[in-house]
Amino acid sequence: MDAFNLVPWIILFPVIGLVLNAAIGRRIGERGSALIAIAASAGSLVISVMQYLALSAHPEGAVVYLADWIGIGALNVPWAFRVDTLSVTMMLVVSGVGTLIHIYAAGYMHFDVRYKEDPGSYARFFVYLNLFIAAMMILVSGDSYLTLFVGWEGVGLCSYLLIGFWYQRNPDGNKGIMNSLAAKKAMLVNRIGDFGFLLAVFMIFWAFGSLNFDEVLPHAETVAPWVIMFITLAMLLGVTGKSAQLPLYVWLPDAMAGPTPVSALIHAATMVTAGVYLVARSAPLFAAVPAAQTTVAFVGALTAFFAATIAVGQYDIKKVLAYSTISQLGFMVAAVGMGAFVAGMFHLVTHAFFKALLFLGSGSVILALERAHHVQETLSNPKHKKKGHTHFDPQDMRVMGGLRKPIRLTFWVYTIGALGLAGIPPLAGFFSKDEILADAWIENPLVFLLLIAAAFLTAFYVGRQLLLVFFGSPRSQPADKAVESPAIITIPLIALAALVVIGGLINLPGWHPFTNWLAHTLGEELAEPTEFNFFVALLATVFALIAFYLAWIFYGRTPLAEKQVDPLKQRLGRVFTGMENKWWVDEFYAWLIVRPYKRFAGFLADTIDWKFLHDWVHDSAVVNTFRWFARFLANPVDLGVIDGIANGLAKSATGLARGLSFFQTGFVRNYALVTFLGVVIMLGYLVFSS
Amino acid sequence: MVPVSYYFALSAILFALGALGVLIRRNAIIIFMSVELMLNAANLLFVAFARMYEALQGQIYVFFVIAVAAAEVAVGLAIIVAIFRTKKSIDIDEMSSLKG
Amino acid sequence: MSIDLLLFFVLATVAVIAALGMLFSRNAVYSALFLILNFATVAVFFLLLGAPFIAMAQVTVYAGAIMVLFLFVIMLLGAERVEGRHRGGWQRPVAVLLTIVLLVESGYLIFVRSDLVGAVAPVASNYASPEAIGELLFSDYLLPFEITSVLLLAAMVGVIVLTKEEKLLREHTDVMENGKEEARSPQGAGGK
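So the protein lines, in turn, are chains A, B and C. Everything in the first sequence is counted per the working numbering, starting at 1 for the first residue and increasing by one. Everything in the second sequence is counted per the working numbering, starting at 1 for the first residue and increasing by one. Everything in the third sequence is counted per the working numbering, starting at 1 for the first residue and increasing by one.
Where hints are given, some of them may not hold.
[As the list claims (entries may be wrong)] Chain B stretches covered by chain C per the calculated footprint, using a threshold of three residues with CB under 8 Å from any CB of chain C:
no.: 1; stretch: 3-13
no.: 2; stretch: 16-22
no.: 3; stretch: 33-43
no.: 4; stretch: 48-61
no.: 5; stretch: 66-79
no.: 6; stretch: 82-93
Calculated directly from the structure, the hints in this document are not laboratory data. Don't be surprised by glycine CBs; every beta carbon is placed ideally from N, CA and C.
Produce the complete structure using the sequences and hints provided.
Here is the structure:
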């Protein structure tokens, strides 16, 4: 029981880490900053493990109360931590993968801050990273919708800060404004989702009278169905924002502007899964309204398919992974939409492993290329080091090729991750994806169709990526001269690869440890173990292999030469162009929403605010009235009356003085006469009056 | 015996004449002499009263008046001399610099 | 009519005439001399009133010292010259009027409102002798006596300061006048 009380430390360790890094990070050098951050994250991991162990003994979990927060009328929201199997699962994923990524980032950022020529930002990065861990922990450990929302907003903020990390001028000509715009886009799009989430929170309070999970979820049946429908659909809007589903996914590809560890941690493993966690947490609510569930499932399935098509046509290594993330999130959302909460959570965990591995691996590839490019630059013009680099995009797959020879280790771990993503047995991805497909086969055939098609495309673009990057011959100088990354980067990769290999054991069919684990929180009804469907598994594996073969035909048999157009383009023509341009969704949004909004804002600002309020109301009406009044006070009142009084007094004084000065003749005799007159008068008075 | 009131009357007449002199004459020295006449009249009055009440204090006062008068005359004449050096005249009508 | 009364009236007439003479005399020296005569008669009055010491003091200090000082200054300033016509016409009648009013008031006071008609009792011969005066002077009135000496000292110092010639800025060389030195003294020191 005591271990449960330690749960606030999962937040406190990262907070202490970030405060220390913010205060003295610059002074203690890179080693010190990294050490503090990694230690904080590791501390969080240790506490999470302790919670796991404690939960194994007491599976029902606990609510650890910290302090009172809001107590207004009927609304009573305390700072409380909920330690149950669902939240601890998330805690383990976040802190585990997070710590590995912290270690990776310690090495990666060392090079990156030098390429961006801003070594002072090293500490700042780790401040933000620890802040993210803290916020994410608040999200998953909260005991009420409001504390969850606090974490929700917190991770949104960290996403903004980290995407736009290189907001200042970069030496390769990028003015950094693109990074800021990407960060702004992420924030704004997420805002729309948050709006939906907030509506759901308000409705929950109105319907249930409380925001705590314990008081809302068990009573899901007692509230009118249309209310639950509204709540769940509004929540779905939040999920589409945070977990990058249709229609609010557009921020995730742009978010790749941030450093690669950020993409790995936030936009693959943890933050984007917050939506899935939310749905899993609110399982009773979704289960109460089957129509909402269907909606969620279709949103997820459509997103999975749609994003997979875009991933096929991308050239940037990270963009492929970004759309892949969106697609896999679609899998998860479809799973929880169909009521397969365990399957969704299982895929969340395995996806965290292989997606983080893939992102970090791509980071290693990019780093290798950049280093080679940097060496090439200094060798070719050693004296003009400051002149700026020639344009070279280390993230473009078209300048890579044949990298399996120079960077062997990265190649192997990347391949493991890629195969896991494609769902090849016996890697972890196979088991989780298969469980979802098996559930879809039973629940909703249309969803199954979309998901299997997405799985096919997944395997295809994974193969395409592997072949373009690692096979064939180098298509540029830096690709030829690439060097393997140092141990601090490759060791986390190896660890993640190991997790991908053995991750399937988490919920092995027939044994179902994870299902049993989550059943303690979700209840037996919602956490039914899925029967292993051999047919579906076989079908999925065969599709994946066919997709690999197709990829080999296009990209492996005749490897892509330098500056050659993508061979798929000739085959699919216009369709491929659509895939390349992400189906022009961003342009569509700009035409539909952004431009009219900007025009409206401009109208409000210029016409109404400036011309009307400022020019007319303020300048003409108010100022003139004021001036008239001031002039009135100044001229008639001040000059006329008050000055008149003052001047009048002075004039009368001078007049009196002038009159009296008549007496001052200067003649002594006059003075004597007057004195004598006075004497006589006085004497007369004294004499004749007594 | 002479009634004391006759002395009072004489003193009054002399005082009035002195005052008239101050007011009428333009010569500064004559005016000064009229002032001395007035002082003298006052002395006479003092002595008459001293005699009437048989109190010697009256005569003591006269003694002091005479001493002060002497000092006053000295200073006043010194002033007149100083003014004469500047104005070259002792006509008091010409000393109207304090005219407002 | 006793001899005292007769003597009084004669002396009174002389005193008044002397005063009038001082007042209306054109020559300042004549005025001074008339005043001396007046003082002398007043001294006699003092004697009649039984104040011998005061009478002697009057003669020596007033008539002897003060009037002599007056005469010195009159001679010094050349003030015996005849003055011009009177200016400020309205003053003389008003002054005369006021004087008459004063006299009337005084008369009223003395004769109508008082009960002092009658003779006075004779007094002892050493009533106001110098010894008696001196006794009083050096006992009850010692302080005024001493202060009077300081007063006289102050008067002396004042007179000397007032009549001192100013000697400022004596040497002011004017080189434009071919080396001729022109002594310039400030105004107000009299030409010398």
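Q | Violated hints - listed by number, lowest first | A | Violated hints: none; all satisfied.
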